[in-house]
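These protein sequences, in sequence, are chains A and B.
To convert, count from 1 in the first sequence and add 671; that's the working numbering.
To convert, count from 1 in the second sequence and add 185; that's the working numbering.
Source of the hints: derived by calculation from the structure; they are not laboratory data.
In this text the structure is predicted, and so the values were computed from the model without any measurement.
Just so you know, not all the hints are guaranteed correct.
[Said to hold, decoys possible] Which stretches of chain A does chain B cover? Using the computed rule of at least three CB atoms under 8 Å from a CB of chain B, they are:
hint : segment
1    : 695-701
2    : 715-727
[Stated by the list, open to error] Quick list of in silico lysine-lysine cross-link-like pairs, DSBU-like style, CA-CA up to 30 Å:
hint : chain 1 : residue 1 : chain 2 : residue 2
3    : B       : Lys258    : A       : Lys698
4    : A       : Lys698    : B       : Lys263
5    : B       : Lys263    : A       : Lys733
6    : B       : Lys255    : A       : Lys698
7    : B       : Lys240    : B       : Lys258
[Unchecked claim] To give a feel for the contact side, a few chain A residues facing chain B, derived at Cβ under 10 Å:
hint : residue
8    : Pro679
9    : Tyr706
10   : Pro732
11   : Lys733
12   : Phe736
13   : Thr777
14   : Arg783
Virtual Cβ for every residue (Gly too), placed ideally from N, Cα, C.
Listed here are the chains, written in short residue letters.
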Amino acid sequence: NAGVMQNPRHLVRRRGQEARLRCSPMKGHSHVYWYRQLPEEGLKFMVYLQKENIIDESGMPKERFSAEFPKEGPSILRIQQVVRGDSAAYFCASSLYSGRANYGYTFGSGTRLTVV
Amino acid sequence: AQTVTQSQPEMSVQEAETVTLSCTYDTSESDYYLFWYKQPPSRQMILVIRQEAYKQQNATENRFSVNFQKAAKSFSLKISDSQLGDAAMYFCAYRSGGETSGSRLTFGEGTQLTVNP
């Protein structure tokens, strides 16, 4: 079992470009979560998705950020027109169950986005 | 909204000694879970230990144990017989027991642990 796979591991974008971060959950996991870690800070929840559905996007910035988890393929976190403040590590986690039955996540190793 | 506070940005310990990392949280819920995660320089988030709020017994995993004080909303991590490989950033995290909100972790700001040989 390969675990949660995130790619790329490092991504450099110029201001105004688009960033696409990919996350393949653990095999059999249908719940995906995205978190952002700004320098010197803890992780902050962004969005929770199930296959083809956004369940909770209360942590997503209202503009430029979107996420999807299609029926086939990885989950994608998309950041349009990136700015320097978007520079951070973005983590994906997956779980087999949700809510009370979710005893723990498995995290990926993150994508470090640098905006220059 | 729930908040998690780690008041020690940095801690250090001698190899083979014991260290305790502090965590407090604020919630109005009675059903929740608490976690300690370790983040080494590789950036991988590794679950260290988990505590269910309804359980009075403190969780233990080998050299790692917690002191869960529900009334005081305190959840400290004790690392015994510290090893060089324990050096990492440690995050305390809270999760509600609810269905949708229970899928979201709220993290503290972290404590950087240094282990001295």
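For each hint, the structure was consulted:
1. 695-701: Per the Cβ count (0), the hint is violated.
2. 715-727: Contact hint for the segment 715-727 of chain A vs chain B: holds, 5 residues under 8 Å.
3. Lys258/B to Lys698/A: violated (36 Å)
4. Lys698/A to Lys263/B: This hinted pair is violated, its Cα atoms lying about 33 Å apart.
5. Lys263/B to Lys733/A: violated (40 Å)
6. Lys255/B to Lys698/A: violated (36 Å)
7. Lys240/B to Lys258/B: Given that 30 Å is the threshold and the Cα spacing comes to 14 Å, the pair holds.
8. Pro679: Interface hint status for Pro679/A: violated (13 Å vs cutoff 10 Å).
9. Tyr706: This hint holds: Tyr706/A lies near chain B, its Cβ roughly 8 Å from the closest one there, short of 10 Å.
10. Pro732: violated (16 Å)
11. Lys733: Interface hint status for Lys733/A: violated (18 Å vs cutoff 10 Å).
12. Phe736: violated (16 Å)
13. Thr777: Holds, because the Cβ-Cβ distance from Thr777/A to chain B comes to roughly 8 Å (cut-off 10 Å).
14. Arg783: Constraint on Arg783/A satisfied, holds at 8 Å.
Against the hints set out earlier in the document, violations occur for numbers 1, 3, 4, 5, 6, 8, 10, 11 and 12.
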